[in-house]
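Visitor: These are the residues of each chain, in order.
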Amino acid sequence: MLEDHAKVIAVLKEAGEVIGRKKLQKIIYICKKLQFPFNEKYQFHFYGPYSEELTLRVEELCNLGLVTEVKESKGGYYQYKYTVTEEGNEFLGHYDFQLPELRQCINEINSQSSRFLELVSTILFFDRLTKEEVVEKVRTIKRKQNYSDDEIDQAYAFMKKLGC
Amino acid sequence: MLERLNEEKVFKDPVHRYIHVRYRLIWDLIGTKEFQRLRRVRQLGTTYLTFHGAEHSRFSHSLGVYEIVRRINEIFSQYEGWDEENELLSMCAALLHDVGHGPFSHSFEKVFNLDHEDFTRMVLLGDTEINKVLRRVSEDFPLQVADVIAKTHNNKLVVSLISSQIDADRMDYLLRDAYFTGVSYGQFDIERILRVMRPGDDQIVIKQSGMHAVEDYIMSRYQMYWQIYFHPVTRSAEVILSKILHRAKQLFAQGYEFQFYPIHFYSLFKEDIRLEDFLKLDDSVVMFYFQIWQEENDQILRDLCERFMNRRLFKYIEFNPMQQMNAWRELYDSFHEAGIDPDYYLVVDSSSDLPYDFYRPGEEEERLPIHLLKPGGDLRELSRESDVVEAISGKKRTDHKLYFPADFILEGNTDATRRIKSLLQID
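Chains as they are written, first to last, in our numbering: chain A, 98 to 261; chain B, 6 to 432.
Simulated from the structure, these hints should not be mistaken for laboratory data.
No residue lacks a Cβ here, since even glycine has one placed at the ideal position from N, Cα and C.
Hints may be right or wrong, so weigh each one.
[As the list claims (entries may be wrong)] A short list of chain B residues far from chain A (calculated; beta carbon distances all over 12 Å):
| id | residue |
| --- | --- |
| 1 | LYS137 |
| 2 | LYS161 |
| 3 | TYR261 |
| 4 | ARG334 |
| 5 | ARG365 |
| 6 | ASP392 |
| 7 | LEU407 |
[What the hints assert, rightly or not] Cβ pair distances, simulated, as ranges:
| id | chain 1 | residue 1 | chain 2 | residue 2 | range |
| --- | --- | --- | --- | --- | --- |
| 8 | B | ASP277 | A | ASN186 | 23 to 29 Å |
| 9 | B | PRO267 | A | TYR175 | 49 to 55 Å |
| 10 | A | ASN136 | B | LEU130 | 25 to 31 Å |
| 11 | A | GLU248 | B | ASP206 | 22 to 28 Å |
| 12 | B | VAL290 | A | ARG225 | 28 to 34 Å |
| 13 | A | LEU226 | B | GLN213 | 37 to 43 Å |
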């Protein structure tokens, strides 16, 4: 029961805290592409892969009091911070998840910026294409983000490090 | 570029009155066998078991989306930069956006690990009649259409006609689903919305004066979700459908000998489905198997199919995972003890099991929101201007229900069934 909910809590617990809805979306997507057993369905949207299912799941976790969502003002915009509550830790105790390899990945991914993770997840979304085609795709559909060659190279290096 | 038909063709339609077809290409796409298959796939899956009128097909919805986009094109053709290429691309994408959907697609996708977007791509790019018709425009035209449907095309304005927070797909299915289910709360003024739409840089924008029409549309989305799409009786049917598929898949994996070999399910069970197999599936094929599985030797498969075919659905109670987490284990064990397999007969269903895009204001760049075009040319996100929309988008209503076969439990008179009755508070 609610195993998929518990997996999201497990990710947040490993990360300590995740700052930003976009970042949380991309962390789960990248973990999924690394073959970790997440079942949320993703579609491509304006800001890269996005899962409405995950958004709803996080809302459910917040409503149940298993995860807290804190809205923080950052001057011109707001950011949401997610952490697991005591009840969330207790809830997780009912499940027997062994995710040692995931721990390392989550910390690596969580330490990156949302902008960078948007690039990485976009590249992963087009993993059926060659690198040249992917770069072309990033240049056209992410034109406004204006990713540099360096950033794209860093994204590939990061993916390699993760084992993508 | 676009060959016109000698005479305009029309389809009579209960939602838009008429669907107008003026171009040979559109007419020929409608005539392909892959598109005609959509006549045999219900738009709303199991909803007909709750709202008996909901028998409409993905065929009629696809024509409806095409018609809305055709009308948007008539308006946009007045604007500089909106050319025939955009017109053709958007109309084809609108018409074909659902060709990858199979029968009862939500459950099928979950159980068999499928994605209708992958099949849409395969239908458009593979060896199909649709691909042949599209290639008459150009060799890369099928890919262009596939990219628009997948939302990965570089022309984001065209993409937004088919898929955004205010798009032709949603506008048609809300009106159509409301019409066929017989409810009144899915209505909104589509004529007005089309009149106030304007082409923006990356997406459609709405003139400020049209805000109230958009409020109605957002409210309609909200109400239709809770009243129709997430109706607990429909969810009960969906839970049973999903369990039938799980059971059949498990039996196949165990080497069970079906009385009638399920050849149409073979590649699904193996999770290695080819396009030609997928295209043979429709609602009728699935219902045929459910009909004959009512006589299978496996008791669970037989019972679940009887329930689905004869509408003997599971009952439900509200479930709070936090408060009832400890009771869950006891309930699960008691089901086992009572000889009722909890893996098939005890199911928690959450609102996130049926993802639905409530309006999101796009904070933190999750999704692109609806933008209002102010008289001076500035853009403002909808919920910042509309109190009604702000109230709905800020409200995070979620739901969890526990489904179970009340008849099995009420018939039982053992310690285990008595314990279950007490835990579920039913008698």
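Visitor: Could you run down the list of hints and mark each one as holding or not?
Guide: Going through the hints against the structure:
no.	hint	result
1	LYS137	holds (23 Å)
2	LYS161	violated (7 Å)
3	TYR261	holds (26 Å)
4	ARG334	violated (8 Å)
5	ARG365	violated (7 Å)
6	ASP392	holds (19 Å)
7	LEU407	violated (9 Å)
8	ASP277/B to ASN186/A: 23 to 29 Å	violated (40 Å)
9	PRO267/B to TYR175/A: 49 to 55 Å	holds (52 Å)
10	ASN136/A to LEU130/B: 25 to 31 Å	holds (27 Å)
11	GLU248/A to ASP206/B: 22 to 28 Å	holds (23 Å)
12	VAL290/B to ARG225/A: 28 to 34 Å	holds (30 Å)
13	LEU226/A to GLN213/B: 37 to 43 Å	holds (41 Å)
Checked against the numbered hints above, the structure breaks hints 2, 4, 5, 7, 8 and satisfies the rest.
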